[in-house]
Amino acid sequence: ETGVTQTPRHLVMGMTNKKSLKCEQHLGHNAMYWYKQSAKKPLELMFVYNFKEQTENNSVPSRFSPECPNSSHLFLHLHTLQPEDSALYLCASSQGLAGDTDTQYFGPGTRLTVL
Amino acid sequence: AQSVAQPEDQVNVAEGNPLTVKCTYSVSGNPYLFWYVQYPNRGLQFLLKYITGDNLVKGSYGFEAEFNKSQTSFHLKKPSALVSDSALYFCAVRDKGGKLIFGQGTELSVKP
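These protein sequence lines map, in sequence, to chains L and P.
Here the first sequence is numbered in my numbering, starting from 14 and rising by one per residue.
Here the second sequence is numbered in my numbering, starting from 1182 and rising by one per residue.
Hints are computed from structural coordinates only; laboratory data are not their basis.
Be careful, since some hints might not be right.
[Stated by the list, open to error] To give an idea of the interface, some chain L residues facing chain P are shown, with a C-beta separation under 8 Å as derived from the structure:
no.: 1; residue: Leu58
no.: 2; residue: Leu110
no.: 3; residue: Ala111
no.: 4; residue: Asp115
no.: 5; residue: Thr116
no.: 6; residue: Tyr118
no.: 7; residue: Phe119
no.: 8; residue: Gly120
no.: 9; residue: Gly122
[Unchecked claim] Pairs of lysine-lysine, DSS-like flavour, derived with a Cα cap of 30 Å:
no.: 10; chain 1: L; residue 1: Lys53; chain 2: P; residue 2: Lys1250
no.: 11; chain 1: L; residue 1: Lys53; chain 2: P; residue 2: Lys1277
no.: 12; chain 1: L; residue 1: Lys35; chain 2: P; residue 2: Lys1239
no.: 13; chain 1: P; residue 1: Lys1280; chain 2: P; residue 2: Lys1203
no.: 14; chain 1: L; residue 1: Lys65; chain 2: L; residue 2: Lys35
no.: 15; chain 1: L; residue 1: Lys53; chain 2: L; residue 2: Lys35
no.: 16; chain 1: L; residue 1: Lys53; chain 2: L; residue 2: Lys32
no.: 17; chain 1: L; residue 1: Lys54; chain 2: P; residue 2: Lys1239
no.: 18; chain 1: P; residue 1: Lys1250; chain 2: L; residue 2: Lys65
no.: 19; chain 1: P; residue 1: Lys1277; chain 2: L; residue 2: Lys35
no.: 20; chain 1: P; residue 1: Lys1280; chain 2: L; residue 2: Lys32
no.: 21; chain 1: P; residue 1: Lys1203; chain 2: L; residue 2: Lys32
no.: 22; chain 1: L; residue 1: Lys54; chain 2: P; residue 2: Lys1230
no.: 23; chain 1: L; residue 1: Lys35; chain 2: L; residue 2: Lys54
no.: 24; chain 1: P; residue 1: Lys1203; chain 2: P; residue 2: Lys1230
no.: 25; chain 1: L; residue 1: Lys53; chain 2: P; residue 2: Lys1203
[As the list claims (entries may be wrong)] From the derived model, a few chain L residues whose C-beta atoms are all more than 10 Å from chain P:
no.: 26; residue: Val17
no.: 27; residue: Asn30
no.: 28; residue: Lys32
no.: 29; residue: Lys35
no.: 30; residue: Glu37
no.: 31; residue: Pro74
no.: 32; residue: Ser84
no.: 33; residue: Ser107
no.: 34; residue: Pro121
no.: 35; residue: Leu128
Virtual Cβ for every residue (Gly too), placed ideally from N, Cα, C.
Using the sequences and the hints, build the whole thing.
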């Protein structure tokens, strides 16, 4: 798991707070992803970036704002969240998007609780 | 549309016995199939994948998976289960755009 790191590991925030999740990959990959994992539900893809450009926004509410300053870093900025946004947020990276070797590798996740 | 199904929410196995975690898929074209494992409070760890070639794929920690095109299945197997294998297992298929579509997960419990 040291290939993809995420901070913080745990975050508790109120609905009026603004916070950011950080992801860093040390694998030399070009694509990065944000997923949401809620209890009893399949993983939901939120955003995809390839070479710093957003290629996928899976109908995510605007209270989630991603930022990818370079291929190694990915942020998820949070503001005015709802309690139903409480979940495990997972970051992943891959060499590319759809080649034979493009396996996604995941970070440990940030456990977010919205009060 | 591509989809993946894991028909069992939970699988219980005694230590030392063989284990199977089931996965079926629906895709157009050739499937790219993956298995991931998630330990408590951790992210997903890649176990193995099928792209092409031999139907039996070997992966990490002694796991293997058998691709069966006629049954559209990609079941995860291990000859002898360990207590430490207890975790949540996800099957996934990759669509043509590169997105992973995950099953709902199967919780494996291995008892001593």
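Non-conforming hints, listed in increasing numerical order: 12, 18, 21, 26, 33 and 34
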